[in-house]
Amino acid sequence: QAKYPDFLTQQRYYDKGRFISIYYDANPATLKQVEMVLSMNDQVLRVTHLKARSKLDWITMEREDKNPYMQRILKQDQQKAERVKAEEAAIATAATSTDAAVENVIDNLKDD
Numbered sequence: 004q005a006k007y008p009d010f011l012t013q014q015r016y017y018d019k020g021r022f023i024s025i026y027y028d029a030n031p032a033t034l035k036q037v038e039m040v041l042s043m044n045d046q047v048l049r050v051t052h053l054k055a056r057s058k059l060d061w062i063t064m065e066r067e068d069k070n071p072y073m074q075r076i077l078k079q080d081q082q083k084a085e086r087v088k089a090e091e092a093a094i095a096t097a098a099t100s101t102d103a104a105v106e107n108v109i110d111n112l113k114d115d
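Numbering (our numbering), first residue to last: 4 to 115.
Just to be clear, a hint being listed does not mean it is correct.
Heads up, simulated DSBU-like pairs for lysine-lysine below, C-alpha to C-alpha not over 30 Å straight-line [what the hints assert, rightly or not]:
| id | residue 1 | residue 2 |
| --- | --- | --- |
| 1 | K78 | K88 |
| 2 | K113 | K83 |
| 3 | K35 | K19 |
| 4 | K35 | K78 |
Derived from the structure by calculation, the hints contain no laboratory data.
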């Protein structure tokens, strides 16, 4: 729906339209000027400005203390490492106790 009826056809509702994306880097004052110029044109029905991510945004996403997703993944990795360490310790304990039992059996056989 247009703000005002078309001058020639007196039509406010349109079935077809074009969407145009323009990427530019500007300060807020320039952004307001661009919006003002576009809103003055009767051919432009709607104007939307979106903020593009900067390199700093991507760096902030990589910081573990700022990113809850990264915190969750790191916690899962830490828990997995602790489980692996506990399993290795259990295997080592079982191996040493088995070795001691085998040595006792061998010693008993040697004595006989």
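Honestly, which of those hints from before does the structure not fit?
2, 4
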